[in-house]
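Asks: Protein chains in written order, with the numbering used here: chain A, 1 to 500; chain B, 1 to 180.
Don't read these hints as lab results, they were simulated from the structure.
Fair warning: there could be bad hints in the mix.
[Claimed, not checked] Taking lysine to any residue pairs in the SDA-like style, the calculated list, with each CA pair at most 20 Å apart, reads:
{"no.": "1", "chain 1": "A", "residue 1": "Lys305", "chain 2": "B", "residue 2": "Thr52"}
{"no.": "2", "chain 1": "A", "residue 1": "Lys215", "chain 2": "B", "residue 2": "Lys53"}
{"no.": "3", "chain 1": "B", "residue 1": "Lys154", "chain 2": "A", "residue 2": "Gly99"}
{"no.": "4", "chain 1": "A", "residue 1": "Lys305", "chain 2": "B", "residue 2": "Val100"}
{"no.": "5", "chain 1": "A", "residue 1": "Lys215", "chain 2": "B", "residue 2": "Val100"}
{"no.": "6", "chain 1": "B", "residue 1": "Lys53", "chain 2": "A", "residue 2": "Ser335"}
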Amino acid sequence: MILRPQLKDLKVVGFYLGKMILGLSLFMIIPMIVSLIARELNPLLDFLISFLFCVSAGLLLHIACYTTKDPQWSHGMVVISLAWLLAALLGAVPLFLSGHWNSFLDAFFDAMSGLSTTGLTLVQDQSHLSYGHQLWRHLLAFIGGQGIVIVILAFFVRGGSGAFRLYIGEARDERLLPNIRRTAQFIWVVSLVYLVLGTLVLGLAAFGGGISFWKAMFHGVCIFMAAFDTAGFAPHSQNIMYYHNPAFELTTLVIMILGAINFKLHYTVWSGQRWEIWRNIETRSFVAVILALFALVVLGLNQTKVYDGAVSMFRKGFYHLLSAQTGTGFQVIYSDQFVSEWTSLSMAGLILAMSLGGCVCSTAGAIKMLRIGIIAKTFMADVRRYISPPSAVLIEKLHHIKQLILTEAQMRSACLMTIAYVFVYLLGAVAGMLCGYPFMESLFESTSAAGNVGLSCGITSPTMPAALKITYIVLMWAGRLEFMSIFVLIGSAVALMKGR
Amino acid sequence: MRRTLGLVIFMAVVLSIAGRSFAEKQKSADPLSPKSTQRPVTLTSQEIIRKTKYWDGRRVIFKGEAIGDLMPRGDYVWLNVQDDFGTIAIWAPQKMVQMVEYIGDYKNRGDTLEIEGQFFRADPKKGGESYVLAQRIKLIDRGYPTTHTLSPLKIEVTVLLLMAAVVLGFLRFRIKPKTE
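For reference, chain B alone in the conformation it holds in the complex:
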């Protein structure tokens, strides 16, 4: 019991050190700060991720395919958007993503979206999440169901391997008793 109490106190002390600067570091999350009123810059996910500190609190435009799932949380929704280099999380009002029909997965090419919004590298209000707070989302290209045709070569290889496995299985049960 004493040890558990000790652990809890230790964690509390360490976390309080971490929280010490909480109040003085709100400016990056302030939507009225000068950074958030600048003209938005069009960027790739790589450009954002490699310079998160620079883009923190700034307005960015990011274009990519909606992938995975739309994850609603109250009036807002989490959406992950992927370009050729990586994926960026988007936090958007539900009504802003109503036009999204296709989400990218094995069977679908997701809708291509252009998102304009403010980037946060580690928003304390969201437990340190990196994301873009969407202010405008535009549908660039409608997604579509993808087709995957079967390769004839793969079918031929399957048949050959099936024949080999049957022959070897037959041999295995014939040979084993003799050896034993």
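The following block holds chain A by itself, in its conformation from the complex:
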């Protein structure tokens, strides 16, 4: 029997959504200040309208749904899935008002792409976009990368069990500190420290590459947010190729890796346990996968011999592989070149990298390295079991921050999530083929969207069919939240209509 949600359940959901919208509105003050400094009045007005709209909507929900109840598991999941949709809808308002997106759907696509740290974009005439709007796109990625709920938890919610349920719903499951609110605050402190350092290094690299100082710093902050949050946006349509700067590319490589590493691992290393990097199953899996796929990409690219020399191969082949594996999606070639110059073998290497992704509890999307490590361990354990005597008791262990015994539940969960991701990648590919695109390109773009990567082989453009835009929006949303919150949302909607 399905129970219909009661008014008090809807109030809990509405109340926390109100808090989230108010939190989002605070972030709009930053591009407003930037627009003011840059004397861009129209963008300032765009952000003022969006800010006031968010404040009004947030207050309305807060008043109408006021409650002191803590959210339960189902509330947490529904709040999270709706929060991401609402944040993308509201985040799209200033983008749409700028006039650089053809329709609200296109602006919504970019806002969801930013929040889910994907990086696919439908912006037009990007070079004439204002500083305020440029910053907002990248800020959306930063907010989404850190987690919208982390914002609410860090500043608006008491750190109780209700807060933990919201935290889990956002596809994070690692508590760094005993109090979940302090965990959220720690994540923000770490991110802000990296933001300052990363901006300085990137800004100086851009300055060294010939861009004026303040503009270089602006590029630095934008690219840092896109790299650390593995989003892949950039202030110009050529993405990282715009800079023609190896030092800049090298810096982004380091930041992409930092962004794709588990936050708990950051915390452990910050606490002085530096050897954890080499012992952790996720970093080991990450390195093993990167090396194997790099060999595949190099073999593929060598078939056409498009990149002569080790430097070219590193700057184009390895860069794109790491960009795909970390889920960033930075590009240093034109999208069309993937199709015209990369062979199927090298494309397959990139698709595999995009589908596997970075570490859990990071800003990277896709299946993730912990699950890959667990599946590899499970496979090895099964092989060992077959070759051992029947009476042997085999215990499989893995090192993830601490020594753990691999359980059946962990193995099942890792396999189920992997199957779910593969199914979604294929579903997106079928949608692409239904719209008339070839299989390889469709699979590439679908994996990029669902894995929250952002590399494009040219399908994503303002002229692609609206149905495909909506499909990719759903893929980005589902991929970022790792499906469960969305299943609970669908279940709640069914219960609302059919429950007793």
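Could you slot chain B onto chain A? The hints should help.
Replies: Relative to chain A, chain B alone:
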């Protein structure tokens, strides 16, 4: 330490495979190859990008707006030029771009330039960059500062939303203690 050494060796082996054909593939970059002496063809960015292999090493003419930044590197400069379809990178001697005054951004329409030069799809001398090596740059249209007028509708909406936010803010602080 052993693992790090292993990783370095692995990377070196893979990159050496990549570099194997370096010497034999210099012809596209050779300015005296037959491709580079043909008559230049006027193209859009889309036509170049979609057929990079075909245009590699050939002379092209490309017209568009200078955008972003002029990025000087020694005697040369990187410049990005955009038409209706996309953006192409230009590598030009500094003196060739001295006439560029306006670079396209939010506040400016950049100078429209016509660039004649040799296209490289992945020049090994530049780490695999795709660009046009400029041999001639001509100013077609001078850029200008753009004006952005404020929309009266946007101002009206702002005022309405401000009033709504003030009323709701007032209600929120009145209602909360009662409910609690």
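Asks: Look at each hint and say if it fits the structure.
Replies: Going down the list of hints, with the structure as the test:
This hinted pair checks out: Lys305(A) and Thr52(B) have alpha carbons roughly 14 Å apart, not beyond 20 Å. Our distance criterion of 20 Å between C-alpha atoms is broken by Lys215(A) and Lys53(B), whose separation comes to about 34 Å. For a cut-off of 20 Å, the pair hint linking Lys154(B) to Gly99(A) stands: about 13 Å separates their Cα positions. Pair hint Lys305(A) plus Val100(B) does not hold up; C-alpha atoms about 37 Å apart against a cutoff of 20 Å.
About 19 Å separates the Cα atoms of Lys215(A) and Val100(B), which keeps this hinted pair within 20 Å; it holds. The hinted pair formed by Lys53(B) and Ser335(A) meets the criterion: a straight-line CA distance of about 14 Å does not exceed 20 Å.
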